[in-house]
Amino acid sequence: MPQRQQARGDRLLPHLRTARQQGGAPRRLLAVAAGVLLMAVTAKPAVASSDPLAWAPCADRPEFECGTLTRPIDPDRPGGDTFPMAVARHRATDPDRRIGVLVLNPGGPGLSGVNFTFGAQSYFSPEVLERFDIVGFDPRGVGLSQPVRCSSELYFGGPTTHPADQAGFERLREHSRQLREDCARRSGPIMDHVSTDDVVRDIDALRQALGERKISYYGLSYGTVIGQRYAERYGDNVRATLLDSVVDRGLNARDYVAASARAARDVLEEWVRWNARTPSSPLHGQNVEALWDGLMARAARGELVDPGAPDSRITTYDLSDYLTAAAYGPDWADVSSWVLSLHEGNVTTPQAARSDVPDDTPLYATAFTAASCADLSFRVRTFAEYEALTRVEKQISPRTVGSARGNAALTNCLGSPEAVNPQRPGTMRTQVPALLLNSRHDPATSHENATAVQRQQGKAAVLVTYEGSGHGAYDRSDCTRQVSDNYLLKLTVPRNGLSCPSADQ
7 MPQRQQARGD
17 RLLPHLRTAR
27 QQGGAPRRLL
37 AVAAGVLLMA
47 VTAKPAVASS
57 DPLAWAPCAD
67 RPEFECGTLT
77 RPIDPDRPGG
87 DTFPMAVARH
97 RATDPDRRIG
107 VLVLNPGGPG
117 LSGVNFTFGA
127 QSYFSPEVLE
137 RFDIVGFDPR
147 GVGLSQPVRC
157 SSELYFGGPT
167 THPADQAGFE
177 RLREHSRQLR
187 EDCARRSGPI
197 MDHVSTDDVV
207 RDIDALRQAL
217 GERKISYYGL
227 SYGTVIGQRY
237 AERYGDNVRA
247 TLLDSVVDRG
257 LNARDYVAAS
267 ARAARDVLEE
277 WVRWNARTPS
287 SPLHGQNVEA
297 LWDGLMARAA
307 RGELVDPGAP
317 DSRITTYDLS
327 DYLTAAAYGP
337 DWADVSSWVL
347 SLHEGNVTTP
357 QAARSDVPDD
367 TPLYATAFTA
377 ASCADLSFRV
387 RTFAEYEALT
397 RVEKQISPRT
407 VGSARGNAAL
417 TNCLGSPEAV
427 NPQRPGTMRT
437 QVPALLLNSR
447 HDPATSHENA
457 TAVQRQQGKA
467 AVLVTYEGSG
477 HGAYDRSDCT
487 RQVSDNYLLK
497 LTVPRNGLSC
507 PSADQ
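Terminal number for the sequence shown in this note's numbering: 511, no gaps in between.
One or more hints might be untrue.
Said to hold, decoys possible - Here are the simulated DSS-like pairs of lysine-lysine, each with C-alpha atoms no more than 30 Å apart in a straight line:
hint, residue 1, residue 2
1, Lys220, Lys465
2, Lys496, Lys220
3, Lys465, Lys496
Hints were generated in silico from the structure; no laboratory data involved.
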């Protein structure tokens with residue numbers, strides 16, 4: 007984990023343009039949510055009172071209300087230690103026609119729902135903003151909700167997450183164990199209570215504190231895991247469930263790495279097709295596949311040097327990870343320019359200043375790992391098992407050497423205890439079927455996973471496909487927004503299998 011994060015975060019991800027963020031719209035944040043961004047926490051909660059949620063104008067966003075909800079760290083011990091769960095609200099702009107509350111989660115796990123709410127005005131349609139109180143929260147262990155803390159020196163250090171032998175595997179496992187112990191020491195008992203089931207219990211407590219009989223819910227990416235589980239446990243309390251970029255909770259380790267590798271292969275193919283059809287691309291008219299294969303061969307031989315860090319080599323995994331991160335947008339023009347610069351040997355990759363990251367700083371990636379390891383039972387026991395699973399994904403997508411997501415699933419939880427909430431398919435029990443949205447070409451939550459979830463749910467869910475690329479589908483086109491808004495506002499359930507044309511240029 008640490009070396010991969012250093013390679014991608016310090017050298018590669020700064021290339022991705024973030025100026026295209028739409029007021030903090032979460033899909034743009036997720037374009038670089040590979041694991042190293044500091045949490046952009048800007049809210050300050052209101053002062054606690056006897057009221058379950060003592061609302062007050064947010065300190066630096068007075069058009070929003072902020073508050074905290076006191077929650078038990080261990081939900082099974084309500085009389086034990088507590089933490090303050092940070093909440094933000096944007097009131098319905100047409101209160102006379104208010105439908106209710108739309109609770110948000112932007113995914114990760116590890117992204118701030120408070121910050122997501124601050125971007126709601128530029129993300130959701132005016133009609134949704136008129137009719138709903140938009141409510142976001144920082145899940146336990148994230149942002150302002152008693153964040154998981156770890157040593158940045160330990161986190162950014164350590165051996166490669168792509169071990170080549172048993173000794174390297176053991177070094178990685180020992181480092182991961184030390185890192186987890188450090189995080190637990192700095193974070194306290196909340197480190198052991200950040201699973202999805204813990205979070206959905208917090209959401210239902212939030213519903214009660216808001217005085218709502220039912221809530222509507224919008225979840226993006228990992229937020230769809232929360233939404234699925236909430237609808238399984240508290241289906242009677244759900245008015246509408248909109249799940250955007252769907253995670254399949256029923257995959258085992260082999261199926262997960264295989265699906266991730268197919269998504270990585272699809273990313274490469276989509277990027278190649280974009281270059282072929284886009285005259286403005288710096289690679290238009292070139293043999294992009296041959297150029298990519300040449301860079302990968304140079305990287306495999308250790309010949310691809312980063313001019314911005316002459317002692318460092320760009321690896322095959324760096325190249326693959328960068329391409330996948332660009333596909334979140336998608337930011338095809340950026341990655342094409344960077345690849346051309348690498349090919350011509352005149353790229354200078356900026357360095358992130360890790361010296362500016364104080365030790366004990368909450369990181370997106372530490373919350374990501376803690377929550378993921380609580381939920382995923384992917385525990386690779388031996389190097390032989392790791393090697394066999396890695397071989398599977400490299401056979402599926404050799405030109406991207408597997409996938410970053412597959413590797414993370416196999417290595418992030420080495421040295422961690424068993425999952426307390428292991429992944430498993432369930433049945434959403436709601437009066438209105440859930441609406442599943444997914445891009446056809448999604449680098450993180452592949453369309454095949456969304457299709458699998460719809461099959462699992464049967465009549466409890468319908469799937470609408472955006473026939474383009476990128477992670478997050480709600481605001482991709484007029485079609486995806488209209489389908490979603492009709493569902494949220496009118497409870498109009500679209501036909502299962504409905505397709506929205508691509509708006510990609």
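Worksheet entry | Unmet hints by their number, sorted upward, for this structure | none
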